[in-house]
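Could you put the whole structure together from the sequences, leaning on the hints where they help?
2 protein chains.
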Amino acid sequence: MPFGVNLSFCVKRWVTPELWAPLVREDLGLDLVQFSFDLVDPAWPDVLLDRLAGDLRKHARAHGLTIHSAFIGLAHYTFNQLLHPDPEVRDVAEAWMKRAYRFAASAGIARVGGPLGAVASRRDGREAEQLSAVDYEDLIARMHRLAGSARAEGVSELYVEPTPMRREWPWTVDQALKMADDVKGAEIPWKFCLDWGHGTFEPLYGRYRAGMEAWCAALGDRIGVIHIQQTDFQYDRHWDFTESGRVDPAAAAALQRANGLAATPVFLEVFYPFERDDSSVIDAVKRSAALLQPVFA
Amino acid sequence: MPFGVNLSFCVKRWVTPELWAPLVREDLGLDLVQFSFDLVDPAWPDVLLDRLAGDLRKHARAHGLTIHSAFIGLAHYTFNQLLHPDPEVRDVAEAWMKRAYRFAASAGIARVGGPLGAVASRRDGREAEQLSAVDYEDLIARMHRLAGSARAEGVSELYVEPTPMRREWPWTVDQALKMADDVKGAEIPWKFCLDWGHGTFEPLYGRYRAGMEAWCAALGDRIGVIHIQQTDFQYDRHWDFTESGRVDPAAAAALQRANGLAATPVFLEVFYPFERDDSSVIDAVKRSAALLQPVFA
Chain V
9 MPFGVNLSFC VKRWVTPELW APLVREDLGL DLVQFSFDLV DPAWPDVLLD RLAGDLRKHA
69 RAHGLTIHSA FIGLAHYTFN QLLHPDPEVR DVAEAWMKRA YRFAASAGIA RVGGPLGAVA
129 SRRDGREAEQ LSAVDYEDLI ARMHRLAGSA RAEGVSELYV EPTPMRREWP WTVDQALKMA
189 DDVKGAEIPW KFCLDWGHGT FEPLYGRYRA GMEAWCAALG DRIGVIHIQQ TDFQYDRHWD
249 FTESGRVDPA AAAALQRANG LAATPVFLEV FYPFERDDSS VIDAVKRSAA LLQPVFA
Chain Y
9 MPFGVNLSFC VKRWVTPELW APLVREDLGL DLVQFSFDLV DPAWPDVLLD RLAGDLRKHA
69 RAHGLTIHSA FIGLAHYTFN QLLHPDPEVR DVAEAWMKRA YRFAASAGIA RVGGPLGAVA
129 SRRDGREAEQ LSAVDYEDLI ARMHRLAGSA RAEGVSELYV EPTPMRREWP WTVDQALKMA
189 DDVKGAEIPW KFCLDWGHGT FEPLYGRYRA GMEAWCAALG DRIGVIHIQQ TDFQYDRHWD
249 FTESGRVDPA AAAALQRANG LAATPVFLEV FYPFERDDSS VIDAVKRSAA LLQPVFA
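Chains V and Y, in that order, are what the protein sequence lines are.
Start counting the first sequence at 9; every next residue gets the next number (my numbering).
Start counting the second sequence at 9; every next residue gets the next number (my numbering).
Hints are computed from structural coordinates only; laboratory data are not their basis.
Identical chains blur together in the list; that is why a pair holds if it fits in one copy or across any two.
Capping the alpha-carbon separation at 25 Å, the derived lysine to aspartate or glutamate pairs in DMTMM-like fashion look like this:
| no. | residue 1 | residue 2 |
| --- | --- | --- |
| 1 | K106 | D58 |
| 2 | K186 | E283 |
| 3 | K106 | E96 |
| 4 | K294 | E34 |
Next up, the structure:
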């Protein structure tokens, strides 16, 4: 299956394609990339975005890189996006997504994804099991509108990334299946991005219910892309594979094959503390790519 | 010394003043707050920002809260701000800061701070010990312009938060002293915000050189505000005080007193994984505030 790297490890470090393209191609030996909106904020002015999109295209081509998709990073995820309690803040997030589609398309990137949003917390700390019907309908309406905008900008596929918390949506397989039904007929397809640190989070799903097996089996070809990371299933760690954890890359590849996902691309998505030194980050990502590439080849 | 809480623990959870004001006042028992730009992005449209600033003022007043300052959060810190390799991206960051000042002033917040920026990394992982003279002069020129903008918007004091990495600036006491000299005479004062997880980071500063003692002694009254967190000095953890670590709150308070900083406000700044459940976050922040408040009183 196609294997590549999400540019999460480049955030605040190798921030321009002049810096990350040779690093990915020559040092990691990869030719498939998932771009991160932590490197370019779609809220930046159009003139700047147009120039940055041109740079991205140029360096990707020069280094023989395919940019499969562009994903929401930590910066935009920090806000509550399409489920913020204030409808006008939701509108801002929807407008941001349209700008993200425009930037992606102008950079030659055909697919865009990420988490959708988070409701606010209650003062007593109780977390509702269900999104209210009003919030859910608003979210689905926005997803339909976003598919229209994305198509108009030249994007061909969108991804929802389920995250392991009650405040975001969807967080269970059943919620994801219902959402898939409810966005059927959108102008371009909404598919799912699974992540090895999300479906496996035991504090939410319980020790025995947690697992990627159920997500893969239930969603099947509605899965468009997969994030791999090393983790202990106790938090969404986004460790690289020099750390020990409970994700077995060979089992991950076998699971994809068993569920008809042999052609579904897999991206290593790892984050490092900002204060960690650059050379140890390069070394750890290099060793992780070398370990994973033959497993998914 | 005045003790309060940075709203970092509210990010993506208690995101409106209607939610965080009663939590801080009644549950944590605090009346002093440092606002976080992870709750309101100054890039949002003016009409929305004006309404949110009005809400903030109203709820702060209703709950008897003083908002000492507003600080850059993780979302904006994710980008390279005023030291991005692309001068136009630096311009965008400078414009963002001006909007941040405007929002703060309109919300009744008189002081604004945060880290300044990060240079890009090299492909070989080597980190320069020095900022280039050109980058440094550009940064100082921007700081002077920002002080002018801040004053024009109605802000009275600005803070630089040194971070423990070679890519950001300043990261040593000497660099901070030089910067303080170079921004002398700015239209409003630039002071420093120290953080207990920054000056103590042993992988950068070494086991024996690391420490807040040197920072406090050298910078003295150039220090305008202090962030406290629990940490192991091996990373910038931003743990709360239910975790064990190497920060001793009583020693921290004594250090302030010994350096003439008895009136310098201290803010608890803690971050949690997004997937951690709300009720354990409230409980941990409550217990930390209860432990720290009498120490700094």
